[in-house]
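Participant: Chain by chain, the residues run as shown.
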Amino acid sequence: MSSHLITVLAYALIAALLVAVELVARFGTARVPTLGSLLRGALRHRAAQFGLLLAWWWIGWHFFVG
Amino acid sequence: MPILLAALAVHVVRRNVFDVVVFGLTVVVIGIDRYRRFPVSTPRRAPVPSWLVAAGAILFGVVIGATDVAGWPVRISLAVAGIAALWRVAGAPPAATGRTGGPAPAGRAPRGWLTWAGLLVLAALLELSSFLQQPDPQTGSYDHPTLSTLIEPLLGSTVFRMIALAIWLAAGCWLVRACLRPGDRPPGERR
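Note that the protein sequences, when read in sequence, are chains A and B. For the first sequence, position 37 matches number 37 in this note's numbering, and the numbering has no gaps at all. For the second sequence, position 140 matches number 140 in this note's numbering, and the numbering has no gaps at all.
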């Protein structure tokens, strides 16, 4: 198995786990907050607002403008 | 702030001038806002309907996605979107308290937040590991691809780019709405 394939599978596994945690948070009984509720809680703080806005903006610029 | 400074340091190493400027300015803005709030310019008003946000995001994705990759329409529209979002949030009243109008609860993370934190840290470590194994900061590696190395070829497709842009703008709108009304949950949303 090549390094490329291992890395891609690792990313895919993490993405799948993130989706799974969100589904468990929404429909399961485990006491895990949804990502949305976690973010809304963090966004009570001014620094988190600016930080997350920057992260969003940077992701767009990085991928669509390069 | 420590995370922002660490990210700023990475961009200095990568010699990405735009990223250094944006991250540096954000650090400055946060510092200024902490000690002296930006003047409130807009009163609290009714949020834009979700269907209108979705329609706008789709229109944005289709129109801007149809233009050349990294062309001037994309640059200008992304810059305007970012500045508009920052302006809207910076000029809003201090953090809202939720629907009851009472004081914000003490800053305590909800139970189970470690699950999210653990997965995101894992993703960040994998990305960092791939980045460090690149031949140099500006060149991707096939054997150890970063997310950028994997996603950028897909963005060559016009359809994929349109969808990605629409999702990006919709995410930004959600973020601005959540900044203006932290703690609030849209009607009908579960948990």
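Watch out, some of these pointers could steer you wrong.
Covered stretches of chain B, going by a simulated chain A footprint (3 or more residues, C-beta under 8 Å) [said to hold, decoys possible]:
1) 50 to 59
2) 64 to 78
3) 123 to 131
4) 138 to 144
5) 152 to 163
Label pairs and their calculated CB-CB ranges [unchecked claim]:
6) B:W72 with A:L9: 34 to 40 Å
7) A:V24 with B:L52: 29 to 35 Å
8) B:A117 with A:V8: 42 to 48 Å
9) B:A79 with A:T29: 41 to 47 Å
10) A:T29 with B:L59: 28 to 34 Å
11) B:I32 with A:L35: 27 to 33 Å
What the hints contain is simulated information worked out from the structure, not anything from laboratory work. By construction, the Cβ of each residue, glycine as well, lies at the ideal position given by its N, Cα and C atoms.
Participant: Decide, hint by hint, whether the structure agrees.
Facilitator: Now the hints, each set against the structure:
no. : hint                         : in the structure
1   : 50 to 59                     : violated (count 0)
2   : 64 to 78                     : holds (count 5)
3   : 123 to 131                   : holds (count 3)
4   : 138 to 144                   : holds (count 3)
5   : 152 to 163                   : holds (count 3)
6   : B:W72 with A:L9: 34 to 40 Å  : holds, 38 Å
7   : A:V24 with B:L52: 29 to 35 Å : holds, 32 Å
8   : B:A117 with A:V8: 42 to 48 Å : violated, 24 Å
9   : B:A79 with A:T29: 41 to 47 Å : holds, 45 Å
10  : A:T29 with B:L59: 28 to 34 Å : violated, 40 Å
11  : B:I32 with A:L35: 27 to 33 Å : holds, 29 Å
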